[in-house]
Amino acid sequence: MPLLLLALALAAPADPCADAKTTVEMNLCLARASNAAEVEMNRYLVAARKRAATDGVTVVKAFDEAQGRWIAWRKGECDAVYAHWQGGTIRGAALLTCRIALTEARIHQLWKTWLTYPDSTPPILPEPGVNADGTS
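Our numbering numbers the first residue of the sequence shown as 25 and each following residue consecutively.
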């Protein structure tokens, strides 16, 4: 599963900071994008946890443990990316880009697993990264 999430995260990353011209501008922009992704993930987490709660305390506990493990995995993965680039000024951007990509992949995984239904029931929240008109 982690390899699938990483592949999804790296498949087609958007560049929210295409206009940044310096390392400082890039890092500030990516930090804002990382924070925005975290806020969005928390929105999907709240809804997913609420749905998990309908299945009882055992499911909520498992959900919370899984999220904690995912947070630890993301930290480890992105720390490794940072270490890989530690000799250059790109290290901060690489770390933040990793966090953004993995967080966006997690949001989509939360949506697919917890916020959709196997029938024609509309999802609890819209598909992440898809506009109301169905475009990306």
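Hints in this document: simulated from the structure, not taken from any laboratory.
Treat the hints with care, as some may be off.
[To be verified] Restricting the straight-line Cα-Cα distance to at most 25 Å, the calculated cross-link-like pairs of lysine-lysine (DSS-like) are:
1) 45 to 85
2) 85 to 74
3) 136 to 99
4) 99 to 85
5) 136 to 74
Each hint, compared with the structure:
1. For the hint pairing residue 45 with residue 85, the CA-to-CA distance comes to about 45 Å; that exceeds 25 Å, so the pair is violated.
2. Proximity of residue 85 to residue 74 is assessed by CA-CA distance (about 12 Å); at most 25 Å being required, the pair is judged to hold.
3. As the CA atoms of residue 136 and residue 99 are separated by approximately 23 Å, the hinted pair is consistent with the 25 Å bound.
4. Of the supplied pair hints, the one linking residue 99 and residue 85 holds, its CA atoms being roughly 21 Å apart against a limit of 25 Å.
5. Straight-line distance between C-alpha atoms of residue 136 and residue 74 comes to about 15 Å, which keeps the hinted pair within the 25 Å bound.
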